[in-house]
Amino acid sequence: RRLTGAINKSQCICLFTNQIREKIGVMFGSPETTPGGRALKFFASVRMDIRRIGQIKDPSGKVTGNRTRLKVVKNKVAPPFTECEFDIMYNEGISKTGSLIDLGVEHGILEKKGAWISYKGDLIGQGREAAKQQLAENSDLQEEIKNAILEKVNIGVGNVIASNDEEKDEG
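No gaps in the numbering here: position 26 of the sequence shown is 26 in my numbering, and each next residue is one more.
To be clear, the hints were calculated from the coordinates, so they are not data collected in a lab.
Do not take every clue at face value.
[Claimed, not checked] Label-pair distances were calculated between CB atoms; the ranges are:
#, residue 1, residue 2, range
1, GLY36, SER118, 42 to 52 Å
2, GLU144, ILE88, 21 to 31 Å
3, GLY29, GLY93, 11 to 21 Å
4, GLU137, SER30, 17 to 27 Å
5, ASN138, GLY25, 48 to 58 Å
[To be verified] For lysine-lysine, the following DSSO-like pairs were computed, each having C-alpha atoms within a straight-line distance of at most 30 Å:
#, residue 1, residue 2
6, LYS96, LYS152
7, LYS112, LYS71
8, LYS23, LYS74
9, LYS71, LYS146
10, LYS96, LYS120
11, LYS41, LYS71
12, LYS112, LYS152
13, LYS113, LYS62
14, LYS76, LYS96
15, LYS112, LYS62
16, LYS41, LYS23
17, LYS9, LYS41
18, LYS152, LYS120
19, LYS146, LYS120
20, LYS71, LYS57
21, LYS113, LYS146
22, LYS9, LYS74
Being a predicted model, the structure only gives us computed values, none of them experimental.
We put the beta carbon where it would ideally sit given N, CA and C, even for glycine.
Please take these sequences and the hints and turn them into a complete structure.
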């Protein structure tokens, strides 16, 4: 409570991390709780639950990263309860190529048949990791898929912005 005003005036971000504990004997509701009382839950503007949901292995079986799910539990500044999944690769961070593949498949730009992933009929790779490797090696293809995703997501947005700018110029 004491930090809220100072953080607002200085326009900085204060980030807290916490872990989950289990409440013993809970019959209804979630037995999971975060230690430290209720104040942090109440005063936080955004609360997220981040969990590892799987491992990413290379062909030899060595673990190279984690598949991660993020849930927005509380959000005072944007719509809450959204979810996303992404890859966190060791020595790389969040995988840009993995996110491109996920978004491409979700928006119908990339075609996925079984393990095969293709773009405009051309095979990118068999399996997600092979497709990520191919995109990492081919920056032109990566840029083309990225632009196709942005174009599909922003359908009509450019026209709306342009018409608003024209109205401002006339007024």
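Tell me the numbers of any earlier hints that the structure contravenes, in ascending order.
3 and 4
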